[in-house]
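Chains as they are written, first to last, in my numbering: chain W, 1 to 542; chain A, 1 to 400.
By construction, these hints were calculated from the structure, which means they are not laboratory data. Only a predicted model underlies this, so the values are computations on that prediction, with no experimental measurement involved. We put the CB at the ideal spot given by N, CA and C, even for glycine. It is possible that part of the hints are untrue.
What the hints assert, rightly or not - Derived contacts from chain W toward chain A, CB cut-off under 10 Å, selection only:
#1 Q113
#2 R118
#3 A120
#4 E121
#5 A122
#6 R124
#7 T129
Stated by the list, open to error - Using C-beta positions, here's what the derived DEER-type ranges look like:
#8 A/E373 <-> W/E194: 53 to 63 Å
#9 W/Y131 <-> A/H399: 51 to 61 Å
#10 W/E75 <-> A/A12: 43 to 53 Å
#11 W/G170 <-> A/K156: 50 to 60 Å
#12 A/E373 <-> W/H165: 35 to 45 Å
Spelled out from the first residue to the last, the chains are:
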Amino acid sequence: MIDRMNYDAIVIGGGHNGLVNAAYLARSGLSVLVLEQRHVLGGATVTEEIFPGFKFTVFSYVVSLLRPEIIRELELPRHGLTILPLESTITPLPNGDYIYRGSDPHETFRNIQRFSPRDAEAYREYGHTMYQMAKAVKYILGIRPPDPTSLHPRELLALLKLGKHFLSIGEDNLYTLVKLMTMSSAEFLEEWFETDPLIATMSASGIIGTFLGPRSPGSAYVLLHHYMGEIDGVFRAWGFAKGGTGAISEAIANSGRELGAEIRTEAKVAKVLMRGDRATGVVLESGEEIQARLVISSLDPKLTFLKLIDPSQLPDDLVRIVRNFETQGSSGKVNLALDAAPDLSCWPGDGPHLRGAISVSPSVDYIERAYDEAKYGQFSRRPYIDAIIPSMIDPGMAPPGKHVMSCFVQYAPYKVHKYTSRQANKEEPAAENWDGQREAFGDAVVDTLSEYIPNLKKIILHRQVLSPRDIEEKIGMTGGNIFQGELSLSQLFFLRPAPGYAQYRTPIQGYYQCGSATHPGGGITGAPGRLAAMEILRDLRK
Amino acid sequence: MPIPSPLHSRTAKLCQTQEWRDWAGYLSAITYQPSHEVEYFAVRNSAGLIDVSPLYKYEVTGSDALRLVNRVMTRDISTCHVGQVMYSPWCDEDGKVIDDGTISRLGEQHFRLTAADPSLRWFQDVGFGMDAEVRDVSTELASLALQGPNGRAILKDLFPEANLDGLRYYHLVQAIWRSIPVTITRTGYTGDLGYELWIGADRAPELWDELTAAGAGYGLMPVGLAALDILRVEAGLLLLEVDYTSAPFARIPQQKSSPFEIGLGWAVALDKADFVGKRALEQEAKKGSRRGFVGLEVDWQNLERLFGTVNLPPQVAGRASRTPVPLYANGKYIGQATSMVFSPILKKYVALATVQSAYAEPGSELEFEITVEYVRKRAGARVAKLPFYDPPQKKAIGHG
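Pulled out of the complex, with its shape left as it was, chain A reads as follows:
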């Protein structure tokens, strides 16, 4: 049985639908209200509060902390300043991705890492022989994601001392709230203006209450995983076990992916000192990758035509679908879409997909398998630039 998260006493009361999902062993609300779209639009239009406590969290300290983190991550963490946050994948020795997450540099030799899967053993093993301690703080810390354009205004109410206007995208500020420390990172999984608050698990429900109270006038509402899944697809953010397979758990070698193959080539710093997987990734960078990670827009007129033959308007996933769908070009299988959803704001049917490199350029024309009243058909789709939706407030500085 999944167990309650540190915020369950609050989320349980709010979850009208009783729709829960097991996220990393915790009960997580899928939607609080009958319509997840209301929650989705809260994030896009006002503000949403998401319990992301089930994330795995680790702290690395010691005189070799930077060395350890930089050896794990493909990105150059030595360029990450204190107070900055970076996002990076990490790989096995063959350059295949194990997981991805954020790295918050809390001090010169103090990092906080997030992961989708348990990672203590890997981090410790990579740091074998180094003067660095890796501590699992997953259950010690709760995390609350405050996402949406009104997020800053709400936070300012609670943290008048913190310089939230000056807090840039992927940076953090350490604040004190009711005499306990709270880390505020300007990060999130929605592709909008957003913050994540990291706080001792025992005090998290109080913080939830205060945020809820402060957000009342700003249209804040609790947001569940159904809405989050749409938001992250629009933001072009991938998800472990959905869009790619963690290398140690691949059942066949073809299921493993390099960072280049999942669209994270930009986060591979081949010019930095040795890191796990570097040699293999250098080879791949030279030879080129077999696959690429892309966004797809399915041709709506095409969908209308296909569904029109059975007298239906297009029937597409209202909640993000995680059932992979094959992609074709000139009649041949060339990849698969792994996450797809009708974007409520763009009014487009969009997907995240892995395709052969030859088809990974924006503008490439593909065929997307779609089931029209039980019969499998193919609709036209075009490779699009990610993210699909990128509002200016995501990275903009505040104006007090």
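Just chain W, same shape as in the assembly:
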């Protein structure tokens, strides 16, 4: 086919960052086309009716970091966005007890006090310290990472501002920040707390989506990353989007369309078209060619740099860095359609605990052991699970009286060995394949949950099990990493995704990146999409 159309910009991928990027470009008057390979928009930010009447937040399930400026500037509430509060976390314990942390600080205090009066007091101070830390780091989330090797006045000025910012946060805060950057989440928390299941549950936010254990150095930073949502206006860490996370993508898409962006689904891009060292458009798998002055990839760097274009057109060092970019997933997802409400043995019946997170994290050792199994190529037999019941928060997610349950599970490595019993711990070639293991993984999750929710097995109507490999196959993210690449310190800020290319540009003229693999990283933030749009618009003004 010959080129039919000519756009100012084509955004590859209709995930939330691609949509945000497109909406901002359209807002500046550019003609923009978004191309999504699937029949549904959102990428990992999607709600699908997998089982009739039951809406699953298939991949991502909660939101905390969605930038408030995006909500305001794209007028997302007018386009259907409502974020409902997710106020509590309950950690059921094997002895039948539980730790409950809710929206009433005194109630949380009393609950933790049962385990340790010191921890109950430390909890408030810890929250305050993390607020200070998030305040210090938040600045970074809102800026384009400066290039520390460049002598360009713009970069030097940006570095100077960054340096000044860190001097302004105060000596004590700076020390704490260095600790957060270097310690493991469990160690960092053990400086504050003594109650093991509390440390375990809190440290779990340091491992979500990463291939790290609670005792792996570097995991403390991820703890902070997840705390960031605390400080933007609403002062609430986690929320649930009415209609599931897919409703966020829908709202952004609607806003983009109103601003003039065109969005096509079932339009998979095969290659980026080039003329000389310039991107000139894309060719779809169907053979259709579409021309554009700008091409922006919201996909992960392996696809952006190694698949959509011919790597031989890139500098060797960049190719090497991208090949080494860590994108192996560590988490899986089990989505359940339920005939009735789950009943926790530690807190039977209805209650506020069902409208928050249920965390299977009884001890640090428990999670670390789950990690050990993953390190050696097996999914965790007794995994860490972060479960929520979306239909408890938004009744529209399931038929009346029925429920959906979203279980985020760690660890599920991308490559799995065939499971053998522990004593037969011999070298065995990696099956590197989830075929035949997926349901065993689903069983491990349901069995683990059933220890705390005795009625669970009886009420399951349908079960969807997703391994990192399934995430890769369904939505394309290489390795099934939910952040499009580990959120480890070696892959953050001006190193994300590669030094010299952390400012959303690529070596190819007119070809940009805007996905979670760019600064400030993963989660439903929209920040990469927005910051990339700012840089693109800046280049256009030159």
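Take the given structure of chain W and dock chain A to it, following the hints.
For chain A alone, kept in the frame of chain W given last:
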């Protein structure tokens, strides 16, 4: 949800207004009767009974108990005799105030401390390595404040054995009531003659009943937090999180205060052995403090004039207001009033305020921001000596 205090079975029946506030996680009555002023005047004129059980309470024992308490507190606790009570702030290493409370010396090495915020961890950490045990007795002990000029007479009915006439201000007596121990301290948060009774939480409702019965002939009535807030402002007593911010929870450094800056310089004993914050406070004592804590009297004629322009009499807070208001001098911002109320007994509009040191002397003339029918104006105000109201019975000895 706040939980019931140990006295809830009694206070719930009395609280006609159903106006409750969350105090440290407990349900606390704001007013029992439609008019809090009736309760206020009970304390000033006869007697009021206040459930102050939500206070955090700690006991320190062991051979290093005095060492620990003296290292925490800025005041010299070694001069506190057994049977005496002291009031003191405590600070972090930078000499910024964390909290304030009373210290009752129950024995040579036995102290009972009160605090507005949970403090177990801090007390334990300061005492690290010492032979002293800090125990949180917040839920074990209930506390009843019996405040007002008739307080002594009522107590004498219940505790005929205790030498209440001889019990001096900021001293305590250990009594036995129905074979259980009750500590009676001559303390309070009202600036009047007053006592606080410390008793096992399970027996507290009985004591409440007996006090109520004994007080019937003396005009005793239950008093809620609305009246208490007026009483403490008149008494010039500050409140954490209202008049100052606890240093560990300040969001910016400017929100922290030293004891000198909140009017508690008198409770800093720089001549005693090492205590937490001493070095920083020595520096501050040398250099001088940036701010001071003062009482303000707003010029009533000024208020009448300002409100007169819109044909209104002065509209001022009848209940104490905790919404801070900026203060100016010569048109420049110089501090803020943090608690303010129309004093029912003095008939003055008074406030507790933090101002730059240059304006902290009694007699200094300031401008106080006041909203006159939606428009912000400035009324004249003068720095006054604290307390605003100081009745002789507060400290006087009884005459049997």
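Which earlier hints can't be squared with this structure?
none
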